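One line per chain: the protein sequences are A and B, in this order. Once you know that position 190 of the first sequence is 190 in my numbering, the rest is easy, because the numbers rise by one and skip nothing. Once you know that position 215 of the second sequence is 215 in my numbering, the rest is easy, because the numbers rise by one and skip nothing.
These are computed hints drawn from the structure, not numbers from a lab. Certain hints may be false.
Unchecked claim - Here are some chain B residues pointing at chain A (derived, C-beta under 10 angstroms):
1. A190
2. R200
3. P208
4. Q474
For clarity, every value in this text was computed on a predicted model and none was experimentally measured. Virtual Cβ for every residue (Gly too), placed ideally from N, Cα, C.
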Amino acid sequence: MNALATGAADAIEIRNLVKRFGAFTAVKDVNISVPAGSFLVLVGPSGCGKSTLLRMLAGLEGPSEGEIAFVGQTVSSGAGGVIADAGRRNAGLVFQSYALWPHMTVAGNIAWPLKVARWPREKRDRRVKEVLALLGIGTLAERYPAEISGGQQQRVAIARTIAPEPSILLFDEPLSNLDAKLRIEMRSELMRIHRATGATSVYVTHDQVEAMTMATHVAVLNNGRVEQFGKPIELLRNPATTFVATFLGTPPANLLPARRVGDMFVFNETPLTTGSIAPGHDAVQLLYRAEDVSVGAVPDKPSVVARFAEAAPIAGRTMVTAMLGELRITGMAEGYFSAMPGDPVTLSFIRTPDAVFAVSGERITQ
Amino acid sequence: MTFISTFAPSGGRRLLRSGFVMPAILVVIVAILVVAPLVRILLSTLTPEGIAAWQAVLVSPLSFNLWWRPLFNTMVLGFGVASGCLVLGGFLAWLVVLTDVPGRRLLGLMGTLPYMIPSFAAALAWGTLFRNSRLGGSAGFFETNGLAIPDWLAWGLVPTAIVLIAHYYSLAYTIIAAALSSVGADLVEAGQMAGAKRPRIFFGIILPVVTPALIAAASLTFAGAVANFAAPALLGLPVRMQTLSTRLFGMIETGQNERGFVLALLLITVSALFLWMSDRIVSGRKAFITVTGKGGRTKRFPLGAWRWPLFAVAVVIGLLTTVVPVLVLAASSLAPQSGALFSNWTLHFWIGEGGGEIAQGQAGIFRNPVLIDALWNTIRLGLVVALTTMLLGLALAYTIVQRRGSLLATILSQLAFVPLLVPSIAFAAAYIALFGAPIGPLPSLYGTFALLVIAASAHNLPFAVQSGRSVLGQISADIEESARLTGASLLRRLFAIIFPLAIRGLFAGAILVFVKMVRDLSLVVLLFTATSPVLSMVAYRYAAEGFMQFANAITLVILIVCLAASFLAHGLQNRVQKWKES
Numbered sequence: 001m002n003a004l005a006t007g008a009a010d011a012i013e014i015r016n017l018v019k020r021f022g023a024f025t026a027v028k029d030v031n032i033s034v035p036a037g038s039f040l041v042l043v044g045p046s047g048c049g050k051s052t053l054l055r056m057l058a059g060l061e062g063p064s065e066g067e068i069a070f071v072g073q074t075v076s077s078g079a080g081g082v083i084a085d086a087g088r089r090n091a092g093l094v095f096q097s098y099a100l101w102p103h104m105t106v107a108g109n110i111a112w113p114l115k116v117a118r119w120p121r122e123k124r125d126r127r128v129k130e131v132l133a134l135l136g137i138g139t140l141a142e143r144y145p146a147e148i149s150g151g152q153q154q155r156v157a158i159a160r161t162i163a164p165e166p167s168i169l170l171f172d173e174p175l176s177n178l179d180a181k182l183r184i185e186m187r188s189e190l191m192r193i194h195r196a197t198g199a200t201s202v203y204v205t206h207d208q209v210e211a212m213t214m215a216t217h218v219a220v221l222n223n224g225r226v227e228q229f230g231k232p233i234e235l236l237r238n239p240a241t242t243f244v245a246t247f248l249g250t251p252p253a254n255l256l257p258a259r260r261v262g263d264m265f266v267f268n269e270t271p272l273t274t275g276s277i278a279p280g281h282d283a284v285q286l287l288y289r290a291e292d293v294s295v296g297a298v299p300d301k302p303s304v305v306a307r308f309a310e311a312a313p314i315a316g317r318t319m320v321t322a323m324l325g326e327l328r329i330t331g332m333a334e335g336y337f338s339a340m341p342g343d344p345v346t347l348s349f350i351r352t353p354d355a356v357f358a359v360s361g362e363r364i365t366q
Numbered sequence: 001m002t003f004i005s006t007f008a009p010s011g012g013r014r015l016l017r018s019g020f021v022m023p024a025i026l027v028v029i030v031a032i033l034v035v036a037p038l039v040r041i042l043l044s045t046l047t048p049e050g051i052a053a054w055q056a057v058l059v060s061p062l063s064f065n066l067w068w069r070p071l072f073n074t075m076v077l078g079f080g081v082a083s084g085c086l087v088l089g090g091f092l093a094w095l096v097v098l099t100d101v102p103g104r105r106l107l108g109l110m111g112t113l114p115y116m117i118p119s120f121a122a123a124l125a126w127g128t129l130f131r132n133s134r135l136g137g138s139a140g141f142f143e144t145n146g147l148a149i150p151d152w153l154a155w156g157l158v159p160t161a162i163v164l165i166a167h168y169y170s171l172a173y174t175i176i177a178a179a180l181s182s183v184g185a186d187l188v189e190a191g192q193m194a195g196a197k198r199p200r201i202f203f204g205i206i207l208p209v210v211t212p213a214l215i216a217a218a219s220l221t222f223a224g225a226v227a228n229f230a231a232p233a234l235l236g237l238p239v240r241m242q243t244l245s246t247r248l249f250g251m252i253e254t255g256q257n258e259r260g261f262v263l264a265l266l267l268i269t270v271s272a273l274f275l276w277m278s279d280r281i282v283s284g285r286k287a288f289i290t291v292t293g294k295g296g297r298t299k300r301f302p303l304g305a306w307r308w309p310l311f312a313v314a315v316v317i318g319l320l321t322t323v324v325p326v327l328v329l330a331a332s333s334l335a336p337q338s339g340a341l342f343s344n345w346t347l348h349f350w351i352g353e354g355g356g357e358i359a360q361g362q363a364g365i366f367r368n369p370v371l372i373d374a375l376w377n378t379i380r381l382g383l384v385v386a387l388t389t390m391l392l393g394l395a396l397a398y399t400i401v402q403r404r405g406s407l408l409a410t411i412l413s414q415l416a417f418v419p420l421l422v423p424s425i426a427f428a429a430a431y432i433a434l435f436g437a438p439i440g441p442l443p444s445l446y447g448t449f450a451l452l453v454i455a456a457s458a459h460n461l462p463f464a465v466q467s468g469r470s471v472l473g474q475i476s477a478d479i480e481e482s483a484r485l486t487g488a489s490l491l492r493r494l495f496a497i498i499f500p501l502a503i504r505g506l507f508a509g510a511i512l513v514f515v516k517m518v519r520d521l522s523l524v525v526l527l528f529t530a531t532s533p534v535l536s537m538v539a540y541r542y543a544a545e546g547f548m549q550f551a552n553a554i555t556l557v558i559l560i561v562c563l564a565a566s567f568l569a570h571g572l573q574n575r576v577q578k579w580k581e582s
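Kindly generate the complete structure, drawing on both the sequences and the hints.
Here it is as structure tokens:
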């Protein structure tokens with residue numbers, strides 16, 4: 001796969017990593033490396049292997065093949081299993097369920113890992129106060145986990161994880177149990193903490209918005225494989241596969257199947273673009289972003305008539321989705337737009353396709 | 001019936017009335033079942049005779065034998081059994097839930113079985129093996145085969161405690177195993193991430209999280225041991241070792257009712273005090289609800305070389321507390337000489353005709369009309385009590401859930417849980433106090449089948465409400481409401497939605513009640529009479545008179561009935577709710 005050019009002692013380096021559970025292969029030949037201080041987001045649909053990958057980074061699972069190295073030091077390998085125990089990796093993990101110890105107070109939860117690491121009492125107390133303040137939960141110190149709200153539990157879980165000052169922070173879908181408003185709040189909170197600690201972070205999510213807003217590096221996973229790895233804008237601009245193209249971005253991009261007829265690629269009887277964009281291909285998939293599809297007829301631009309499905313206003317414009325057979329096409333209308341479901345809507349393709357993919361899903365470079 | 005109050009927005013007046021009548025009836029029923037007997041037994045000891053009984057029991061030359069000595073024995077038994085159960089049950093639960101020991105399902109099953117076997121079965125089996133010749137009569141298996149058994153191992157506190165541990169440890173196992181499996185893998189992994197080693201994780205995280213369960217297990221097994229009648233009666237009474245429950249039985253048996261009532265009240269106090277204290281310890285701020293991880297995954301620790309040795313230990317414990325007692329009882333019921341378990345086997349004790357030399361000329365149990373009668377009575381008692389208990393439990397649970405937060409619901413749920421604090425033999429004594437004499441125009445119920453049913457239903461109330469609540473918990477309000485929105489009538493909803501969803505839970509609860517009743521001795525021992533004998537009572541009588549083979553054979557019949565009921569339940573459950581087959 002494509003690794004970004006990085007130095008020899010990357011904070012995290014994953015080489016040819018494979019994880020099998022019996023006959024099922026959860027993680028297939030993953031290669032990723034990120035420099036210190038990065039915020040790596042592993043994003044993909046559920047069951048794509050992202051949590052397994054994270055648990056291998058944490059040292060809770062051993063890989064079947066391949067290697068994981070932290071700052072040049074191999075911590076896990078297919079041959080040696082978990083070489084450095086979970087507790088010896090200088091890594092902290094924030095669990096999806098928060099995993100707060102219910103019999104300890106908030107302060108107790110934060111202090112326990114420090115006790116295990118034999119921090120002297122004074123230093124420990126100081127650090128507990130510090131992280132409580134950092135997360136704004138100082139007043140909750142003496143409460144038990146069952147006595148505080150989900151959002152507060154989340155903060156405690158993060159405080160507990162960063163207290164021992166790990167150089168690597170791992171997050172397993174930490175925001176998935178929060179409501180929408182709190183999620184946005186915690187998103188910026190997490191980024192603030194990332195800046196404050198400087199720890200290299202790996203963050204697992206199925207929410208592409210989280211990936212786009214928080215990451216310095218994104219790996220899109222699908223079926224245990226890295227579909228594409230790179231900077232978020234890069235992935236958005238130059239998706240390597242149709243999976244990445246449709247998984248990332250709001251609103252989702254359109255993917256139109258087209259056949260070569262003479263000199264043109266034709267979608268649904270409508271010639272869309274010149275055949276020279278994909279020499280040697282008879283059938284392709286054309287990527288049009290929503291902003292490249294205009295609602296209403298535009299002179300000299302190819303258009304199709306589809307049936308109106310739904311409209312959602314976004315920032316003064318309206319995102320209009322219409323059905324053409326089984327295919328959903330999303331375009332933008334100026335101002336507000338509404339229609340009855342099933343009404344005919346004309347969609348015009350005002351620019352050339354943003355990318356062209358083979359039928360197999362691979363990108364065709366021009 | 002009570003579901004009426006949830007529907008029909010029209011006819012608000014009728015709704016109000018029906019919403020009030022049902023709870024009112026329930027309050028009256030619970031008051032008669034639970035409060036009246038307890039108040040009555042207390043009042044009975046406040047009469048002049050009662051006061052004299054208090055004095056005799058607590059401050060008189062007799063009080064050492066009537067109260068202090070039995071109290072001491074009871075306490076020793078309670079603490080001994082509770083600690084034994086924690087050790088055995090805890091060990092087994094740890095092994096099954098938190099390690100990679102082989103055969104976990106088998107071990108888990110073996111851990112739950114002993115509770116199905118009545119404690120008097122284990123006591124009889126112990127006697128068959130360990131009885132020595134101190135009291136005359138035939139010696140047990142070991143002594144007959146040349147192994148001298150010291151008195152302390154044959155009779156009294158030690159064998160009683162062992163037999164009770166063998167019975168109650170499976171209760172402790174069930175509670176602790178449930179608690180351990182609620183400790184999510186995430187909690188353990190969070191500890192691993194902090195760098196803690198296995199002992200540190202065990203003592204720092206797992207143990208504190210399950211402490212409430214440990215305390216609950218200890219207090220329940222303590223209460224069970226303190227209240228148990230069968231084991232101390234069979235293994236202690238022959239050497240005059242008295243516990244509070246055997247003392248209380250002896251008093252009422254010999255017509256000294258007031259002294260018996262006083263002892264019953266004291267026994268209730270002792271048992272309730274400990275249950276209440278343990279409840280105080282685990283409630284309050286530290287009553288944490290475990291924040292479980294994804295899908296309740298648990299973390300298993302590798303045992304390495306200890307896998308098979310520990311498996312063997314667990315299997316031996318399981319065999320000794322389930323299979324071995326049953327085999328001993330079976331062999332004994334076939335052996336004409338009780339010491340020679342495996343020779344001259346005969347079916348005489350089962351189907352032999354009367355006359356002849358064995359068993360003083362008595363016929364085998366299946367030719368004994370009293371026994372056939374008792375078998376029928378037992379099954380009838382089990383079925384009737386199971387039915388009344390589950391109906392009452394469902395009605396109570398529904399009312400309590402519907403009116404959550406109201407004074408009425410609080411009163412009902414508190415009252416329904418009172419019997420939990422009352423040892424069954426003391427509960428039976430309270431019923432004698434209330435129904436032993438005619439009340440107004442009503443005749444005395446003493447010795448009738450009806451009294452047994454009422455007392456048993458009352459004593460099962462806490463369990464009934466609990467299972468009623470869990471059954472109702474499976475039917476969320478949404479499910480019921482979505483059916484209502486389709487326009488289905490109440491009856492239709494009852495049969496199409498509520499009944500199919502509730503049946504499994506109701507059935508499971510009813511079977512448990514049935515099994516409890518069939519193997520119960522301590523409740524029926526005071527309430528039964530010659531006209532309505534039940535199997536456990538007949539077995540106890542035989543054992544007390546020294547006809548061990550008969551007692552053992554009847555106990556086997558009880559076991560078979562219980563097992564058959566459990567298997568039947570298992571089979572039927574999968575049939576009625578196919579979607580739950582795994």
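Structure-based check of each hint:
| no. | hint | verdict |
| --- | --- | --- |
| 1 | A190 | holds (4 angstroms) |
| 2 | R200 | holds (6 angstroms) |
| 3 | P208 | holds (4 angstroms) |
| 4 | Q474 | violated (24 angstroms) |
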